[in-house]
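Colleague: Now for the letters of each chain:
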Amino acid sequence: MQPSDVGSNTANLTELFCGPDHPPAQTLEERARREDPALLKTLLEQMLLIRRFEEKAAELYTLGKIGGFCHLYIGQEAVAVGAISTLEPDDYILASYREHGHALVRGMDPGEVMAELCGKQSGVSKGKGGSMHLFDKRRHFLGGHAIVGGQIPLAVGAAFASKYLKQPRVTFCFFGEAAVNIGSFHESLNLAALWKLPVVFICENNRFGMGTPIERASSLYDLSQKACAYNMARTWVDGMDVLAVREVLKEAVERARKASAPTLIEARTYRFMGHSMSDPAHGHYRTKSEVEEQRHHDPIKTLTAALETIALIDSEFLEELDQKIRDIVEEAVAFAERSPEPEPQELYTDIYVG
Amino acid sequence: MMVKVLMPKGSDTMTEGKVLKWLKKEGDQVSTGESVVEIETDKVDMEVEAMGSGVLRKILVQAGKVVPVGELLALVAKPDEDISSLVIPQSRAATDAAPVPHAGPAHAPTSRGATPSAHEPANGGRVLASPLARRMAQEMGLDLNRIAGSGPAGRIVRQDVERVAALAVEARAARVPEAGSAAAHTPAAAPTLPRRPAPAPTGPEFYDEPLSSMRKVIATRLVQSKAPVPHFYLTIEVDMGRAKELRESAKALNPELSLSYNDIILKACAAALQLHPQVNASFQGEAVRYYRRIHLGVAVAVEEGGLITPVIRNCEGKSLQEISREAKDLIARARSRKLNPDEYTGATFSLSNLGMMGIEEFSAVINPPEGAILAVGAVAEKPVVVKGQVEVGFRCRMTLSCDHRVVDGATGAKFLQTLKQILENPVYLAF
Amino acid sequence: MSILTYREALNQAMREEMRRDETIVLMGEEVGFYHGAYKVSKGMLEEFGPMRVLDTPITELGFTGLGVGAAMVGLRPIVEMMTFNFALLALDQIVNGAAKMLYMSGGQFPVPLVIRGPGGAAHQLAAQHSQALESWFCHVPGLKVVMPSTPADAKGLLKTAIRDDNPVIFIESEVLYGTRGEVPEGECLIPLGVADIKRRGKDVTLIAHSKMVFVALEAAADLEREGVDVEVIDPRTLRPLDTVTLVQSVKKTNRAVIVEEGWPFCGVGAQIVDVLQFRAFDYLDAPILRVTGADVPTPYAKNLEHLAFPDKQHVKDAVNKVLYRRPVSGDK
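Chains A, B and C supply the protein sequences, listed in that same order. Just so you know, we're using the numbering used here here: the first sequence kicks off at 1 and counts up by one. Just so you know, we're using the numbering used here here: the second sequence kicks off at 355 and counts up by one. Just so you know, we're using the numbering used here here: the third sequence kicks off at 786 and counts up by one.
It should be emphasised that the hints constitute simulated quantities derived from the structure, not laboratory data. These figures come from a predicted structure and were not determined experimentally. One should not assume that every hint holds.
[As the list claims (entries may be wrong)] Mimicking DSS-like on lysine-lysine, the simulated pairs with C-alpha atoms at most 30 Å apart in a straight line are:
{"hint": "1", "chain 1": "B", "residue 1": "K372", "chain 2": "B", "residue 2": "K570"}
{"hint": "2", "chain 1": "B", "residue 1": "K741", "chain 2": "B", "residue 2": "K692"}
{"hint": "3", "chain 1": "B", "residue 1": "K379", "chain 2": "B", "residue 2": "K419"}
{"hint": "4", "chain 1": "B", "residue 1": "K598", "chain 2": "B", "residue 2": "K774"}
{"hint": "5", "chain 1": "C", "residue 1": "K1036", "chain 2": "B", "residue 2": "K672"}
{"hint": "6", "chain 1": "A", "residue 1": "K166", "chain 2": "C", "residue 2": "K827"}
{"hint": "7", "chain 1": "C", "residue 1": "K983", "chain 2": "C", "residue 2": "K1037"}
{"hint": "8", "chain 1": "C", "residue 1": "K983", "chain 2": "B", "residue 2": "K672"}
[To be verified] Simulated coverage check for chain B against chain C, where a stretch passes if three residues somewhere in it have a Cβ under 8 Å from a Cβ of chain C:
{"hint": "9", "segment": "483-493"}
{"hint": "10", "segment": "508-518"}
In this text, a Cβ means the ideal position worked out from N, Cα and C, and glycines have one as well.
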C-alpha cells in the first residue's frame, strides 16, 4: 500500500489505457457470441426492467402520484447494466439524480424504489429522499444526489476509505457530461489520481445538459481526454452497446482493485425522454427526427436483435420476459400504492444520530 | 416641574376614594416618596406619596370629600412656578386625566366625561412597564398607574416597583393606629344588657347614613352573588366534644397558643377540601374552575360596620398551629383595616362564624366567585341522646351554602359528612 | 492538571482520539509536513504517518466531499479548514452533503465528520479573511456547531465532537491559539450542548462565545469595581444551544447583553434573543441588547478594524443601558 506521492507526475498510468480506438471495434453480435448466455439474458432482463419501470414512473408522474422532479433513464440502460455487471456486491456505487436504473440493477427492490418515488414510508429512504435520493446501505448504494457533481467527491471519499481500511472495494461514480465542467469534478479527479484511489468515474454523455448540448457547454467535446489533466487512465465507449460498456468497465475495475488507480470512462449514450418529466423530449434543443433516429440505437432493441441472431432467444422468450417484467413493475406499483405515507413524527427523525 | 397628587386606584374594584387626612399643608416642603395624604379605598386606608419634590402649593380636595380615581388632589411645584392652569375650579364631571408630570409642560385640561380610570401617561393611555415590573406589580397587588417609571419614556422597571412596595411597607409600619379602633371582639364575653334607648326626638322620620366605601362594595358584590348564583343550603350538626378536648389539651401544653374552635374548623375544612376538591371550585361561565390550592377566607366583622374576608393561603400545607397563628394576625389586622389587597383576595372557599355572637345557625351568602361558604354557629351545650340515654353534648350547627352550578346536593353533603367526621375525630388532622 | 495553550490542547485531543480509534484521519492544507498552518497538528504526521495525516491540495470542496464520502462508509475524518473563510467553497458538501445525508437516506448514512479550523477575525487580515460565519452553519439542521474559548474547553469539546456520529463544525480562533489555561488530566470530555458559566453574578447576564468571552470578562472586571455583579455565560456549543442555562440566568438577573463578533443581521445573537424573549418574557426588566461586529466587510486599516469589532467599552455601555444605570463619570 503506497502513501500518496506528493508532487509525483509519472505518465505510466496513462499508457496503460489510451487512444480513441480502444476498445477494438466489434459489433454487439460478435461480443455476444463470446459471452455467457445466462449473463446475456440477465443483461437483457435488467435493461428491460429499467425500461418498463421508468415508463411506469412517467405514467405515475403524469397522474400526480410522483411529485417533484423525475429524471428518466430511458435510452441509457446499457450503461448502468453493463457497468454494474462488473461489480461485486461489496463495491460502492454513487450516482446522480437520474439513478433509478442504477438502483434497480444494484438489486434494490422495485416496490421499495417505486414507494420512494411515491413518497411512502416503505420506500428505500423511508419516503424522505424521493426520486433523487435513493439510498441502500446494505447494497452499498450511496445515493442518489441532486447537486450536479455533488456525488463525485463523495465517491473519492468512499474509495479513500476502502484503500485506508485495506478493503478490496471499488467505487463507481456515475455522472452526466455536464458535470465535467463543475469544480467538484476537477477537484475530485485530481485527488483520486494524486492519492491513487480505487474509483471509476463513469461519465454518461447523453449529449445534453438539460437543454444545452455539449458543444455549447464544454470547451473540449472529447470528454474522456479531460483525464489527461489529471494524469489519469481514460477511455470512451459506445454507451448504447451493453457488452462494450461491460468490457471497458471490467478493465477499469481491475485497475482499481489491483493497482488502486482511477479511470475516467466516457460512455456515449442518449436519452430518449427529456431531462426530466418537466422537460420536453424534443423541441428547441433537439429535433424530433433526431430523437427518432437515435431510437434505432435503442440498447434493448439492439441487444434483442443480436441475441435473436445468435439464436439465444426467440419471440416466445421475449413475450414471457416482457410479461414477467410487466408483472414485476405492476406489483411494484401496487406495493407503492398500498403503502402508507410516513408518520408525521418522521418529520423530525434522522436529523441527528442519538 | 409640577408634580400632581392624584387619587390612586387602590384595588381593582375601586372606582372612587375618600380623602381622609392631609399629612402636609399648603406651603410645606415635600420630597419624592414622602406621604402627603391619607385616603380611603373601598377596602383599606392608605397613604399617597409624592412622585416628585417641591412645595405643596395647593390642596384641591379637602378631607372628607369623595372623588373618582384619578382626580387631582393637590399640586407640588417650585415656589415660583405658575400653576394657575391647573387650579381653575372645575366641576367633577369635567375633570380629565392629565399627563404625568415628567412628560413636559402641563396644558389646560380639556373637558371630558368623567371616568374613573387612572391618570393617563403622555403616550396616550398606555402604561410603559417592563414585563418583569408588570408581573411584580400584579403579584404584589400594586397599581402600575400609581408608580412613576424611571426608565426611558417613563418605563416602570423593577426598581420602581420595589421602591413603591418598600415605601408601602414602611408606611404601614409607621402608621399610628386610628383613634377609635377598638379592641377585638372577645368571644363568649358576657353579654351586656343593651341600655334602653332615649325616646326619639321630634324631627324627620329617618336619616340616611351615606354608605361608606366598604358598604357600597359589599352591597354591590353580594347582590352580584345572590342574584345569579343558585344557592342551596345544607345543615349538619357536629359533636364538638373531641374538638373541645383538643382545645383544652393544647391549652394545657401551651397556654399561649389558645386554639379557637374557629381555628380547628378552618383546619378541618382544609382537610375536607383536599378530600372533596369539587367543593374547592368556582363557576367561570364556560367552565368550572377547580383550584389546586386551598386558600381559606375568614369572614371578619369590621369596627365601623362591614365585613371583610382575609385569606389564609395554601392551607393544604399548613398545620393547625400555623393556621391559628395566621388567622389571629389576619383577623386582627382586618378589624383595624390594615390589610394588603392580596391578603383579602383570592380565597377558594370561605368560612363565616357567628358563634361568638350566640347565633345557633345561619346561612351565609357565597363570596363570588367561590363555589361555597360554611356558616358556623355557636358551640352549645345541649341535651343529646346517645345510645338511648340523654347526655350533655357539645354541639355545633354548620350550614354549607353551595353554588348549584358547581356543587350539587350529594357532593355538598359528602363534604359535610367528611368535615363532621374530621371534627368528631380530630386525630385525622394528624395525617 | 496541566497548563496548555489552546493549540496544544487541540493537538492533544486529536492525538488521543487517533490513538484510540484507527478510523480517525486528519486531512487539510498543510496539516502534515508543515505541521499545520497554525501549528495545531504539529508532530502528528510523524506519529501517525501519511495515510492518517493527509496534506491536501487547495481543494476545499473536493476534500470536504471526500471527508463526507469516507464518513459514510466507516471512517471518522477530521477535515481542517485553514480558516473558515475558505469553508464557503465547501458549503455545498457541508450543507447538501454532510448535514442532510442521514435524513435523505432515511437514517441509513450518518456522517461522523468533524470540520475544524479557526474562524472570525485576527489582526488586519482584511475583508476575505476575517469573517465570523458561525450563524450560517447554525442555520442548518443536521449540523452541530461548537466554538470553544479556553484550552480546557477546546480539548474536551474536540474529543466529544470527534466521537459524535454527526457532522460537527468546530470553529476555533487564531487569536486564541496561543492562550494558556488549565486543562485537566485524563479523558476530560465535555458534552456538546452544555454552556459554561465563566463568571457568576446576579445583576446582569452577559452571553458571549469564542474570543468575545474575554471581552465580556474584561468588561465584567471593570464593572465589578463599580459595584455591578456581572454573570458571563459561554454557550460553548451554539447548535444545539443550552437554552436552559441561559434562561435560568436571565430569570435570576432580569437582563441580558449578548456579545458576538459576527455581523448583526441574522447573527447568532438574534437567535439567542428570540429564545430569551420567548422563555423569559415575564422576567425581563429591560430589552435584550446585542453588541455585535459592525455591519461592514472588515477593513484593513488598524483604526477602522478596531471600530469594526466589539470591545469592552461597548459591552459596558450596553450593560449600563440594561441596568438603567448612569455610568461612573469618566466613561462615555
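Colleague: Would you pick out the hints that fail for this structure and give their numbers low to high?
Modeller: Numbers 2, 8, in rising order.
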